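Asker: Now for the letters of each chain:
2 protein chains.
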Amino acid sequence: MKLSILGCYSATPRTLNNTTSQVLEINNHMFLIDCGEGTQVQLRKHRIKFNRIKHIFISHLHGDHFFGLVGLVSTFRLLTREADLHIYGPKGIKEVVTLQMKLADSWTNYKLIFHELTSKESELIFEDDKVEVHTIPLNHRIYTNGYLFKEKEGPRKLKIHAVENAHINVAYYRKLTQGFDVENEHGILIKNDTVTEPGPSPKSYAFCSDTMYKEDIVPIIENTTVLYHESTFLNQHAHLAVKTKHSTAREAALIAQKAKVETLILGHYSTRYDSLEVFKDEAEEVFANVELAKDGKTFEF
Amino acid sequence: MKLSILGCYSATPRTLNNTTSQVLEINNHMFLIDCGEGTQVQLRKHRIKFNRIKHIFISHLHGDHFFGLVGLVSTFRLLTREADLHIYGPKGIKEVVTLQMKLADSWTNYKLIFHELTSKESELIFEDDKVEVHTIPLNHRIYTNGYLFKEKEGPRKLKIHAVENAHINVAYYRKLTQGFDVENEHGILIKNDTVTEPGPSPKSYAFCSDTMYKEDIVPIIENTTVLYHESTFLNQHAHLAVKTKHSTAREAALIAQKAKVETLILGHYSTRYDSLEVFKDEAEEVFANVELAKDGKTFEF
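Chains as they are written, first to last, in my numbering: chain A, 1 to 301; chain B, 1 to 301.
Bear in mind the hints are in silico, worked out from the structure with no lab data behind them. Possibly wrong hints are sitting among the right ones.
Since the list gives no way to pick out one identical chain from another, each pair is judged satisfied if it fits inside one copy or across any two copies.
[Claimed, not checked] Calculated pairs, EDC-like style, for lysine to aspartate or glutamate (alpha carbon to alpha carbon, straight line, at most 16 Å): (1) Lys260 x Glu222; (2) Lys175 x Glu185; (3) Lys245 x Asp105; (4) Lys91 x Asp105.
Predicted, not measured: the structure shown is a model, and the values here were computed from it.
Full structure from sequences and hints, please.
Answerer: Listed below in structure tokens is the structure:
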């Protein structure tokens, strides 16, 4: 699982601060999460192949999370993309993208599939044989979802000596990795867990931005491998966090602690602060394993 | 008159190529012309004070000329702008900006005044005591206007010895600069042009992008000081210019020659070419005074 931070600042893009966008590589998928202005240039800087992006997840329709979307859709068209593109986001996202295509008289040749979200409950919105994606309803000034990306349980691993000693025909090995009990060469039923062990534990990533402190999300993101939680402010500006429906670094850490995640990544910083280290210090008073998102930084888990 | 090129490439923004946007300083106005994605960051790089921009002129609603507009409007709001902002552009521009403000539930505190254009004839769209702005109807895939910015005739300059010898009271000097005849201290009428001379000749700037070769614009832009004319292609790709309704460098030069402008600036280059110098070479076969727009370049006239 690899996470590339294209931008992690709030409000407005600046010369050295990009607004929210990130790419999650998980089980050969390349998911684009949020798409602030300038995302397409950030993708080029990261040398991420545009064609590998087939799914875009937009948290909410504030500009710093989606003003780069229509430009990306348009650039895909100019590069004669053919692959379908799925866009997940709040109701209204289809209208705003299609209005701009209409005004430009520039329709995509590739198929653009909008999945507009309206539910206030967590939903399963994408699933294949390896990954599933759920929404995480957040509490912000407008309708907002975070997204939970979960690897599915992979194939079980053969305990090779046990399998050989049990005299199981090689033809059944695949069934064993799928968790089935099988008959051996002497017609005896072999229980699966006597000859296999679980594969590597599935990983998961929860993206939560923008939101004020919301404990309701804890059951949804419990035991997640990595939680990205916005921390627009430090605790000294907790009143601003309440007013603007954002979180402090301390609150992000509280959510991480309650949800027993492995790693917390902070991001969506206000540009009022000179240093990011103070965000880490504040969060670490509550939760041990804290990382700082930075534009251009890549995390591997 | 000062022109700052924020971006001068066609189609899509890239790491080193910005799409169309430029700032024209003329008689203390700061006019923003077109607003491709990333324009707000380019403005910051140029250290152009956001508050000085009170008028934005959008040529047409293709993304490489206006996808940065809503982000700029939104950033002005976040920076608690108070001054009115006038936006000139094709019909539809108001709907697309206001739809995004509605979806974000983020309305500007400052006044946003849209001037939607629909005419196929050149129109006077802005005028004060020092400057006027006219549209230049262009021929592109969708409804498009160039813009002509013209300084008005400034005050006449006193020929100081002649004024003194004519025994004119100092109180009348201002009337003289305004072109009036005045009586001298002996009650004799002094003809204005015997004691004054014209002030510096008014300058003008014509922005023509995007358009295919269109001779109809020549009478509108005749004798312009500076003409920016798009040259997306070289003559070797003239068939593409016709197909996509763009111009070649040679065609831009032909327009400059016929309109007898002083200087031609080329821009809106396709990124297919390795060097810009070939654009200059091609245009100079037709017209002598050719400059190349480059991102970050400033011209003073």
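Asker: Hints first: check each against the structure and report whether it holds.
Answerer: Hint-by-hint comparison with the structure:
In this assembly of identical chains, Lys260 and Glu222 lie within 16 Å of each other by CA distance solely inside one copy; the values are 6 Å within and 72 Å between copies. Proximity of Lys175 and Glu185 under a CA criterion of 16 Å is satisfied intra-copy only: 15 Å inside one chain copy versus 115 Å between copies. Taking identical chains as interchangeable, the C-alpha atoms of Lys245 and Asp105 lie at most 16 Å apart only when they sit on different chains, with a minimum of 14 Å there against 38 Å within one chain. Taking identical chains as interchangeable, the C-alpha atoms of Lys91 and Asp105 lie at most 16 Å apart only when they sit on different chains, with a minimum of 13 Å there against 23 Å within one chain.
Checked against the numbered hints above, the structure violates none of them.
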